[in-house]
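Spelled out from the first residue to the last, the chains are:
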Amino acid sequence: MEEVKLMKGNEAIAHAAIRYGCDGYFGYPITPQSEVLETLAELMPWETTGMVVLQAESEVAAINMVYGGAATGKAVMTSSSSPGISLKQEGISYLAASELPALILNCMRGGPGLGTIQPSQSDYFQATKGGGHGDYHLIVLAPATVQEMADFVALGFDLAFKYRTPSMILADGIVGQMMEKVVLPPQRPRRTEEEVRRQCPWAACGKGSRKHRNVVTSLELDSAKMEVNNLRFQETYRRIEENEVRFEEYYTDDCEYLMVAFGSMARICLKAIEEAREKGVRIGLIRPITLWPFPTKRIAELAAKTKGVLVVELNAGQMIEDVRLAISAPSPSVHHFGRMGGIVPNPGEIIEAFYSHYPEAKI
Amino acid sequence: MKEEIVIAGFGGQGVLSMGKILAYAGLMDNLEVSWMPSYGPEQRGGTANVTVILSDSRISSPVLDSYDTAVILNQQSLDKFESRVKPGGTLIYDPYGIHHAPTRTDIKVIPVEAMEATFEMKNAKTYNMILLGALLAARPVVSLDAVVRGLRKTLPERHHHLIPLNEEALRKGMALAK
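Protein chains in written order, with our numbering: chain S, 1 to 363; chain E, 1001 to 1178.
Quick caveat, the hints were computed from the structure, so don't treat them as lab data. Glycine included, C-beta positions come from ideal geometry on N, C-alpha and C. Worth double-checking, as some hints may not be accurate.
To be verified - Between beta-carbon pairs, the in silico distance windows are:
(1) E:Arg1104 <-> S:Gly280: 40 to 48 angstroms
(2) E:Glu1120 <-> S:Phe125: 52 to 60 angstroms
(3) E:Met1001 <-> S:Gln187: 33 to 41 angstroms
(4) S:Arg213 <-> E:Gly1046: 52 to 60 angstroms
(5) S:Gln199 <-> E:Pro1164: 48 to 56 angstroms
(6) S:His133 <-> E:Asn1123: 57 to 65 angstroms
(7) E:Arg1084 <-> S:Pro201: 34 to 42 angstroms
To be verified - Pairs of lysine to aspartate or glutamate residues, derived as EDC-like cross-links and limited to a Cα-Cα distance of at most 16 angstroms, are as follows:
(8) E:Lys1086 <-> E:Asp1065
(9) S:Lys5 <-> S:Asp151
(10) S:Lys362 <-> S:Glu274
(11) S:Lys5 <-> E:Asp1068
(12) S:Lys162 <-> S:Glu241
(13) S:Lys181 <-> E:Glu1032
(14) E:Lys1153 <-> E:Asp1029
(15) E:Lys1002 <-> S:Glu241
(16) E:Lys1080 <-> E:Asp1065
(17) S:Lys181 <-> E:Asp1029
(18) S:Lys362 <-> S:Glu235
(19) S:Lys129 <-> S:Glu241
(20) E:Lys1086 <-> S:Glu275
(21) S:Lys5 <-> E:Asp1065
(22) S:Lys162 <-> S:Glu99
(23) E:Lys1153 <-> S:Glu3
(24) S:Lys162 <-> S:Asp254
(25) E:Lys1002 <-> E:Asp1056
(26) E:Lys1002 <-> S:Glu47
(27) E:Lys1125 <-> E:Glu1113
(28) E:Lys1108 <-> E:Asp1145
(29) S:Lys297 <-> S:Glu248
(30) E:Lys1108 <-> E:Asp1056
(31) S:Lys181 <-> E:Asp1056
(32) S:Lys207 <-> S:Glu194
(33) S:Lys279 <-> S:Glu244
(34) S:Lys362 <-> S:Glu256
To be verified - Covered stretches of chain S (chain E as the covering partner; in silico rule of three or more C-beta atoms under 8 angstroms from a C-beta of chain E):
(35) 177-191
(36) 296-302
Chain S extracted, bound-state conformation (with noise of 0.2 angstroms):
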């Protein structure tokens, strides 16, 4: 039988890279996301399966350390937590560029600037939208239970190889730090040299015998080939947007109301909603697990058959933007619930925020 752990979050994070077969993991602490390389460093997996595991001067050398370890082909990531993660951004910039696959958690704190260390998810834009200069997209994933900070490190990784591009573990304070039921993955073993060349045929890991030195870069003064190359980005962009959304839906077959909410926030509209529906009132929720791809589709579907959306947010509104963009008229109207400064709302507060937009629902 698999055995069922309690742990935080970032615990679980830590655990399941061992257990992908990640071979390097580089990062500098911050609240809230310490515990990764806290227990990365406890488990001390370069002694068991040679990962290497190491704290670097700084945010910005850690995500050019993931670059110099993408570069080879070897599946390397880092974690941190937003300020630091805006240090990351010309790192993940160069990353997209360069086609290079790798894994970053971004366990979000209030901002911006220091901000606090409380939760918030005020890094949407910043996720899903770029975050760093030019044309790209990270695959974000919004992890909703300590399950599934486990879960997302093989999937993240997966993606990343498979389409040769960056992916993001968008989590928050609330699930970082909270601990629960956890199964974690089998140990596999890191891949050989063999299999990497094999992988990775891209990779700059020696020429060996092959004809061509492979380079790595994600600078191309030639305009004309540079489009190549944008248009060759865009163009796994499609693919991604075609293959790989996910989502999770509660409620939705007989709803007259939807929510819409990512990660922690999505299980306390859940209480919320449960506690509507014992008094008839019938909301559904949608869930983003990809942030980008975005399910645009479906929320338009579901959408179609509601009277009104409420999209809940630690932040100001920013998801919101992607769901109205998703709704073609005529809509239903859509309305926003937030709260900043590291204030997590509770089913109570939320459950008013939707009868204060919808006070005809209430019953």
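Place chain E on chain S using the hints.
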């Protein structure tokens, strides 16, 4: 079965660890478990609290409006959480250092002289286990046996010789709450 519990007090009183041991006990009893701490500087002197949910079905929100049971270790936490205990719920508190006792009459209020008991036991570190014992007596959602097994899981092996002392504190707390 679903029990929504908040434990609140000063950082350093063992609030988060008490919640953690309770959560592990839930794991031992095959319950669904959620442990949501206040994290950060609270751990070093401010007020700290933790929400623990034990349930035999899926847990949605780890964040709650109101609680079945509150275990309160200081005045600030009493002021914050007394009104958030569900009608018919349970409030366990240590009167030590409390200037304004709870006033609600629609909940079960259980004062537990836990600080006094640590003086008797001549060990201040048993404080949170005495209160956990009181919680077990008032709301037997997990068994004492599960708590002891939970302790074994959470304590590093070098501290396992302290388990009998913790068990004594748990039993003392159980007796105080009866």
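Results of checking the hints against the structure:
no.: 1; hint: E:Arg1104 <-> S:Gly280: 40 to 48 angstroms; result: 30 angstroms, violated
no.: 2; hint: E:Glu1120 <-> S:Phe125: 52 to 60 angstroms; result: 58 angstroms, holds
no.: 3; hint: E:Met1001 <-> S:Gln187: 33 to 41 angstroms; result: 35 angstroms, holds
no.: 4; hint: S:Arg213 <-> E:Gly1046: 52 to 60 angstroms; result: 58 angstroms, holds
no.: 5; hint: S:Gln199 <-> E:Pro1164: 48 to 56 angstroms; result: 54 angstroms, holds
no.: 6; hint: S:His133 <-> E:Asn1123: 57 to 65 angstroms; result: 59 angstroms, holds
no.: 7; hint: E:Arg1084 <-> S:Pro201: 34 to 42 angstroms; result: 60 angstroms, violated
no.: 8; hint: E:Lys1086 <-> E:Asp1065; result: 9 angstroms, holds
no.: 9; hint: S:Lys5 <-> S:Asp151; result: 14 angstroms, holds
no.: 10; hint: S:Lys362 <-> S:Glu274; result: 14 angstroms, holds
no.: 11; hint: S:Lys5 <-> E:Asp1068; result: 26 angstroms, violated
no.: 12; hint: S:Lys162 <-> S:Glu241; result: 14 angstroms, holds
no.: 13; hint: S:Lys181 <-> E:Glu1032; result: 7 angstroms, holds
no.: 14; hint: E:Lys1153 <-> E:Asp1029; result: 13 angstroms, holds
no.: 15; hint: E:Lys1002 <-> S:Glu241; result: 40 angstroms, violated
no.: 16; hint: E:Lys1080 <-> E:Asp1065; result: 12 angstroms, holds
no.: 17; hint: S:Lys181 <-> E:Asp1029; result: 13 angstroms, holds
no.: 18; hint: S:Lys362 <-> S:Glu235; result: 47 angstroms, violated
no.: 19; hint: S:Lys129 <-> S:Glu241; result: 14 angstroms, holds
no.: 20; hint: E:Lys1086 <-> S:Glu275; result: 14 angstroms, holds
no.: 21; hint: S:Lys5 <-> E:Asp1065; result: 27 angstroms, violated
no.: 22; hint: S:Lys162 <-> S:Glu99; result: 11 angstroms, holds
no.: 23; hint: E:Lys1153 <-> S:Glu3; result: 14 angstroms, holds
no.: 24; hint: S:Lys162 <-> S:Asp254; result: 37 angstroms, violated
no.: 25; hint: E:Lys1002 <-> E:Asp1056; result: 7 angstroms, holds
no.: 26; hint: E:Lys1002 <-> S:Glu47; result: 42 angstroms, violated
no.: 27; hint: E:Lys1125 <-> E:Glu1113; result: 15 angstroms, holds
no.: 28; hint: E:Lys1108 <-> E:Asp1145; result: 25 angstroms, violated
no.: 29; hint: S:Lys297 <-> S:Glu248; result: 13 angstroms, holds
no.: 30; hint: E:Lys1108 <-> E:Asp1056; result: 24 angstroms, violated
no.: 31; hint: S:Lys181 <-> E:Asp1056; result: 13 angstroms, holds
no.: 32; hint: S:Lys207 <-> S:Glu194; result: 13 angstroms, holds
no.: 33; hint: S:Lys279 <-> S:Glu244; result: 36 angstroms, violated
no.: 34; hint: S:Lys362 <-> S:Glu256; result: 12 angstroms, holds
no.: 35; hint: 177-191; result: holds (count 5)
no.: 36; hint: 296-302; result: violated (count 0)
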